[in-house]
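Mind docking chain B on chain E? Use the hints.
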Amino acid sequence: MARNRSFLRIGETAVPGKSRLFLFFSLAPAFAFILFFGIYPFLFACFYSVRSFYFGLNVDNVFTGMSNYHNSVIDPLFQYSMFVTLVFVIVSVGLQLLIGVGAAILFSVIKTKAYKYIQVFLSLPLMMPPVVTGFLWWYLFNTDLGIVNYYLSYFGIMPRNVNLLANPITALASIIYADVWMWTPFIMIVTYAAIQSIPNDVMEAAIIDGAKDRHLIRKIILPRIKTALLVVLLIRVIDAFRTYDLVYVLTGGGPGTSTQVASLEIYNTAFLKWFLGQSFAQALMLTAILILVGNILIYLLRRGV
Amino acid sequence: MKVSSLIKFVLVALVTLILIAYFDLPILVMIITAFKQRADIFTPVPKWIFTPTLKNFADIFAGTTTMAEGTLAIRNSLLFVTISTVIAMFIGSLAAYGFSRFKFFGREDLLFFVLSQRFMPGIVIVLPMFVLYSSVGLRGTPLGLILLYINAALPFVIWMMRSFFDEIPREIDEAARLDGHSWFTIFIKFVLPVARNGFLATFLFSFIFGWGEFLFALILTTPESWTMPIAIVNSRVSSEILWGQIAAYGVISIIPVFIIAVALQKYLVRGMTLGAVK
Chain E
1 MARNRSFLRI GETAVPGKSR LFLFFSLAPA FAFILFFGIY PFLFACFYSV
51 RSFYFGLNVD NVFTGMSNYH NSVIDPLFQY SMFVTLVFVI VSVGLQLLIG
101 VGAAILFSVI KTKAYKYIQV FLSLPLMMPP VVTGFLWWYL FNTDLGIVNY
151 YLSYFGIMPR NVNLLANPIT ALASIIYADV WMWTPFIMIV TYAAIQSIPN
201 DVMEAAIIDG AKDRHLIRKI ILPRIKTALL VVLLIRVIDA FRTYDLVYVL
251 TGGGPGTSTQ VASLEIYNTA FLKWFLGQSF AQALMLTAIL ILVGNILIYL
301 LRRGV
Chain B
1 MKVSSLIKFV LVALVTLILI AYFDLPILVM IITAFKQRAD IFTPVPKWIF
51 TPTLKNFADI FAGTTTMAEG TLAIRNSLLF VTISTVIAMF IGSLAAYGFS
101 RFKFFGREDL LFFVLSQRFM PGIVIVLPMF VLYSSVGLRG TPLGLILLYI
151 NAALPFVIWM MRSFFDEIPR EIDEAARLDG HSWFTIFIKF VLPVARNGFL
201 ATFLFSFIFG WGEFLFALIL TTPESWTMPI AIVNSRVSSE ILWGQIAAYG
251 VISIIPVFII AVALQKYLVR GMTLGAVK
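Heads up: the sequence lines are chains E and B, in that order.
Take the first sequence: its letters are residues 1 to 305, numbered as in our numbering.
Take the second sequence: its letters are residues 1 to 278, numbered as in our numbering.
In short, the hints are calculated from the structure, not lab data.
Ideal placement from N, C-alpha and C gives every residue a C-beta, glycine not left out.
Honestly, I wouldn't trust all of these hints.
Stated by the list, open to error - Examples of chain E residues toward chain B, derived with CB under 7 Å:
id	residue
1	30
2	33
3	34
4	41
5	117
6	118
7	123
8	124
9	125
10	190
11	193
12	238
13	266
14	270
15	286
16	289
Stated by the list, open to error - A few chain B residues that face chain E, going by a derived Cβ cut-off under 10 Å, partial list only:
id	residue
17	30
18	43
19	101
20	104
21	108
22	112
23	130
24	155
25	194
26	212
27	219
28	224
29	262
30	272
31	276
Claimed, not checked - No more than 20 Å apart at the CA atoms, straight line, and that leaves these computed lysine-lysine pairs for PhoX-like:
id	chain 1	residue 1	chain 2	residue 2
32	E	113	B	266
33	B	278	E	226
34	E	111	E	212
35	E	116	B	278
36	B	278	B	266
37	E	219	E	111
38	B	8	E	113
39	B	266	E	116
Looking at chain E on its own, in the form it has when it is part of the complex:
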């Protein structure tokens, strides 16, 4: 069973003297980068998040305690941006899971040989640069030229001249729609691969024992793809919390500030107000949430669900 390695594996080789030197030099360059471009900015942000630090403005840069954090927490705009982000993450990732896992199960229950080719076509949205995806949907949702409005009105679902990106609710829905479009293939493809790795005899034994499709799904498939689903969930939830490019291009946070997700709000604090101290505080609070969510999921993963 040497090939069947678990998610985490403990190596066998003890480390003697000369090899220790190599080990050090193999890790050193990578960690030098991570220390300088990962840890240093993080510490920098921590340090200046408790100061009245404005960039390029003539404001005294002094220690202000937790006031940047406090002012952010009580700022309705920041609260709202966190709320919108949360709604976006839950609805968007939820829909992606539902459609993605559903499609993956469907494809594996039917066992089609064509899946290999189908996957190529379904994986295309995944490969697009997010900015291009944003622009594409901006075009498709365009009131006068976009096909979304045209065909929705053609089939009488809504009037032609409604600008979907100009209403807070439909703007958020449009962003979610584009995000679901972009990321559902990811969940589908990974889930399908996880289902394929279930040994055939397990499935066949269950079928011979007279298991119905839905039993097969609930009792055999779902428990065995838990790890893969957790990995996917981890990646998607955290990336969704950080979403920036898609929203920037599609609505720019508008109309008004109704789709201003957290990253966008932080960006605006930094580059509209030039109040970097406060933007650091906000960014660190977002990081704290991500660390919390990420650690829960990683804990579940390391424990083997």
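Frame of chain E, contents of chain B only:
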């Protein structure tokens, strides 16, 4: 074929068609828009039949429009992403090899520390770097962006390559050790060649991620160092939105990644999950 399985087949065929239409129709719309003339784009009814033109592409490359930065941005993107990915591949593979072959105190924690870098919000990294780069004169320079891109690619490369190295029997290393080769020689001459498919796949995935990167480039580049995503976004500033050219731009930007994607189908799952799901 039983009736029930026939129904099943029809059902799945239908769902497959719907899924493909759902995921690929928007891309198709972009592609055909890129080949449309202005008059064919600005129509109240979407036009599916038209006389194709290459004018939009020609405009980008000739620099005759507001998108004069077009070729420069394409060149920048290719250059920055290739350089940073190549460097990240070597630094990252080396570290991955160390992680894969040696057991040492805190190894798992270090690995998850590396992984946590992948999950750090980009804005936490880029804002301090914006301040630092401004003070040392690295803002807007290719070097500054490339350094950050190397760092951004490292967690992915380390996790991916470690999962590939783990699959290579360590007997190879041990035999080479007995022959008196140094660890570095073993890594370069014996292990890396065996892992070449994984190496290539990891390289291409890193390339795709770097190719689409937006936030770092948005904050740290100047018009001379704009990458493609930034040039695309800034093309919106002009008084009239040049849909045809933007679409042509989009098509150019997806050509390399789509070719890579088709080549990578075998490694797709692994690449998208940092090697955690195979």
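Right, here's what the structure says about each hint:
With a least beta-carbon distance of about 4 Å to chain B, the hint placing residue 30/E at the interface is held under the 7 Å criterion. The interface hint given for residue 33/E is met, as the beta carbon of that residue sits about 5 Å from the closest beta carbon of chain B, less than 7 Å. Residue-level restraint check for residue 34/E holds (minimum Cβ-Cβ distance to chain B is 6 Å; threshold 7 Å). At its closest, the beta carbon of residue 41/E sits 4 Å from a beta carbon of chain B; the interface hint therefore holds under the 7 Å criterion.
Taking 7 Å as the C-beta contact cut-off toward chain B, the hint placing residue 117/E at the interface is violated, the least distance being around 9 Å. Nearest Cβ of chain B to the Cβ of residue 118/E: about 6 Å, under the 7 Å cut. The hint holds. Interface hint at residue 123/E: satisfied, since its Cβ lies 6 Å from the closest Cβ of chain B, which is below the 7 Å cut-off. Checking residue 124/E against chain B by beta carbon gives a least distance of about 6 Å; that is within 7 Å, so the hint holds.
Interface restraint check: residue 125/E against chain B, minimum CB-CB distance 5 Å, threshold 7 Å, status holds. Contact between residue 190/E and chain B, as hinted, is supported at the beta carbon level, the nearest pair being about 5 Å apart and thus within 7 Å. Satisfaction of the interface hint for residue 193/E is found here, the shortest Cβ-Cβ separation to chain B being roughly 4 Å, below the 7 Å cut-off. For residue 238/E, the suggested interface contact is upheld, since its CB lies about 5 Å from the closest CB of chain B, less than 7 Å.
Using the Cβ-Cβ criterion of 7 Å, the hint placing residue 266/E at the interface with chain B is satisfied: the shortest such distance is roughly 5 Å. Residue-level restraint check for residue 270/E holds (minimum Cβ-Cβ distance to chain B is 6 Å; threshold 7 Å). The interface hint given for residue 286/E is met, as the beta carbon of that residue sits about 5 Å from the closest beta carbon of chain B, less than 7 Å. Look at residue 289/E: its Cβ only gets to about 9 Å from chain B, farther than 7 Å, so that hint breaks.
Checking residue 30/B against chain E by beta carbon gives a least distance of about 5 Å; that is within 10 Å, so the hint holds. With a least beta-carbon distance of about 8 Å to chain E, the hint placing residue 43/B at the interface is held under the 10 Å criterion. At about 6 Å, the closest approach between the beta carbon of residue 101/B and any beta carbon in chain E falls short of 10 Å, and the interface hint on this residue holds. For residue 104/B, the interface hint holds, the least distance from its beta-carbon to any beta-carbon of chain E being 6 Å, beneath 10 Å.
Given the 10 Å rule on beta carbons, the hint for residue 108/B holds: about 6 Å separates it from the nearest Cβ of chain E. The criterion of a C-beta within 10 Å of any C-beta in chain E is met by residue 112/B, whose closest approach is roughly 7 Å, and the hint holds. Nearest Cβ of chain E to the Cβ of residue 130/B: about 8 Å, under the 10 Å cut. The hint holds. Evaluation of the residue 155/B hint against chain E yields a held restraint, the C-beta minimum of about 8 Å falling below 10 Å.
Nearest Cβ of chain E to the Cβ of residue 194/B: about 15 Å, over the 10 Å cut. The hint is violated. About 3 Å separates the beta-carbon of residue 212/B from the nearest beta-carbon of chain E, less than 10 Å, and the hint is met. Interface hint at residue 219/B: satisfied, since its Cβ lies 8 Å from the closest Cβ of chain E, which is below the 10 Å cut-off. Because the beta carbon of residue 224/B sits about 19 Å from the nearest beta carbon in chain E, more than 10 Å, this interface hint is broken.
Checking residue 262/B against chain E: minimum C-beta separation of about 6 Å stays under 10 Å; hint holds. Hint on residue 272/B holds. Least Cβ distance to chain E is approximately 6 Å, under the 10 Å limit. With 10 Å as the threshold, the beta carbon of residue 276/B comes within range of chain E, its nearest partner Cβ sitting at about 5 Å, so the hint holds. With a C-alpha separation of about 15 Å, the suggested pairing of residue 113/E with residue 266/B holds against the 20 Å cut-off.
Between residue 278/B and residue 226/E the alpha-carbon distance is near 14 Å, which keeps this suggested pair within the 20 Å criterion. Simply put, residue 111/E and residue 212/E have alpha-carbon atoms about 16 Å apart, close enough for the 20 Å limit, and the pair holds. Between the alpha carbons of residue 116/E and residue 278/B the distance comes to roughly 16 Å, so the proposed pair stays at or under 20 Å and holds. Of the supplied pair hints, the one linking residue 278/B and residue 266/B holds, its CA atoms being roughly 10 Å apart against a limit of 20 Å.
Taking the CA atoms of residue 219/E and residue 111/E, the gap is about 19 Å. The hint holds against a cut of 20 Å. A threshold of 20 Å between alpha carbons decides the hint, and for residue 8/B with residue 113/E the separation of about 15 Å falls inside it, so the pair holds. This hinted pair checks out: residue 266/B and residue 116/E have alpha carbons roughly 9 Å apart, not beyond 20 Å.
Going through the hint list in order, the structure does not satisfy hints 5, 16, 25, 28.
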